[in-house]
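Residues per chain are reported as follows:
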Amino acid sequence: MSKNVIEVKNLTKKYVSVKKKTGFSGQLKNLFSPEKKTIEAVKSINFEIARGEMVGFLGPNGAGKTTTLKMLSGIIAPTSGKMRVLGFDPWEKKNAYKKRFSLVMGQKNQLWWDLPVIESFSLNRSIYDVPRKIFDETLEELVEMLDIKKVLNFQVRNLSLGERMKCELAAALLHQPEVMFLDEPTIGLDIVAQKNIREFLKEYNAKKKVTVLLTSHYMKDIENLCERIIIINQKIFFDGQISELIEKYADRKIITIVTDKKVALEDAKELGVVRKFDPYEIQYEIPRDKIREKMKEIVSSNLPIDDILVDEIGVEKIIRRIFEKLK
Amino acid sequence: MKATARKIFRYIRIFLKFQKMNFFQLAAYRPGFFMMFGSVILLMILHIVFLKVVFGWVSEVKGWNFHEALIIVASAMIVDGAIWVSCAHFRVFQHLIRKGSLDSLLLKPVDSQFLTSVSRGDVEDFPRIFIGLILVIFGLTNLDFRGWELVLRFIEYIFLIFNACVITYSFSLILASIAFWTINTSNYALSDAVLRASQFPSDIFSHEWSKTLFSTVLPIALIATFPAKALVKDFDWLIVAHSTIVAVCFFFVGRFFFKLGLKKYSSASS
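Protein chains in written order, with the working numbering: chain A, 1 to 327; chain B, 1001 to 1270.
Relax, there's no trap hidden among the hints.
For the chain B half of the interface with chain A, some residues (derived, Cβ under 7 Å), not all of them:
1) I1014
2) L1106
3) L1107
Pairs of lysine-lysine residues, derived as DSBU-like cross-links and limited to a Cα-Cα distance of at most 30 Å, are as follows:
4) A:K19 / B:K1259
5) A:K82 / B:K1263
6) B:K1099 / A:K20
Residues of chain A placed beyond 12 Å of chain B at every Cβ, according to the derived structure:
7) K133
8) N196
9) R228
Source of the hints: derived by calculation from the structure; they are not laboratory data. Where is the CB? At the ideal position from N, CA and C, for every residue including glycine.
Chain A with its partners taken away, still in its complex shape (with noise of 0.2 Å):
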């Protein structure tokens, strides 16, 4: 058995989508003569996941990666290209298949809004068919780690964000699902809820091995959790660890020089265009394959350095250039 969970090969999405056109005659021609565009959400991506992975699925607005996780899920048919999940071919929608999954959407409630949490965990139970001890044990181990035992019993509509997102993901993990596909599991939460998810989450993989394709626009999330990044924009632009990325990407280290007296600005940009500045610590953004040369200039320079430290660009503003290039 191939130790890939999650196999995706050339896989291609295609809408057709009607250009809209604004004012009255353009109502009337779209009425009438529709202008009509294929938009490829897709092109032709390949990778493979490994099981008890857990990998971010990155990309700008638009890039393909909700589509992606619909593909995978079965909810939408691909236009061309092969997936296979779990020996699985999704768009075959087997109920095998359904119950060995889970898709949790950060912007799409599954709960019952006007009923207690239990009363739609109750109802996944006799959905996917969870033997009675088995969702009781589930449900506690769940309850504990997630803490929500108190908000059990309360309607899902009175509810903190947070708190319904952490109900969200136990009501997608009581069939104990060996892949988990998360779109954007934090969005829109504090940063305190966002760290309870991502704790979560982490120790729920550690524990279960459970293989997690994740998307989401928060950095933080990506770095805590993921070791592999997928970066797509229609098509695979970056897949790998996120040290290749750092390599291969970040062409730019940070020297802080920190000083043990006050410095003047004008004395700092002797040095260089300063990053960041303060009296006693200035930061320098300076290409790597000029940081001997520039160490050299800083350490024969007449500051009063105290320390000197070398440090990678963050993981997030690479990302952040990637996309505006892709853009």
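With the hints as your guide, set chain B onto chain A.
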């Protein structure tokens, strides 16, 4: 065999679970709960008052007297109520498609047509079934059927009502499924119009072509007039055969349409 029986029981359990959830959802807001029940009951009373007014002017309509016609109205109420109590999603089907809300139903390991149909049931429509049954019993007590003949006729009636439910459900499913292609089309008004028209004796349509049309592709006659006929007019097994064939055809065409539509489903951006 055992696996099939287990599957059927599982689907019944899921159906009952949704019914419970829908009732809890409705009961979550007390004033709304009573208001909705009240308005359905009022609507039923208006149907009866309308019938009474008509029969205040004439003693019969195309061979149907008041008590017989009352059974037609009651039968339409029962079918209407049964459909909306068990599978009311067709009223909002195009919204699910347009907003991409069908996604969460398609992910579940249960037949998609079944889940889409039963995941919403309007429990407030239950009085339609209850009042309908009372009216059927009231109508029968005023007619001259007794003993085994009445029992046989009633069994045939129940069977035809079941067929009528299948036909109405499938007809609504076919119309609702058009939204997979058109995205923003609600054809609920047309399926509702067919149900409304079924409250009148179909014999008022005297042309041969209209009789054929309304007992096949536009099944107005099959919903209430056929069951009522079996109960209070001619005892004819041909009616049962006709209704069963149309019900089976409608069911499979409805399922085919829904599955074809699912292939066109494009969801919506998140």
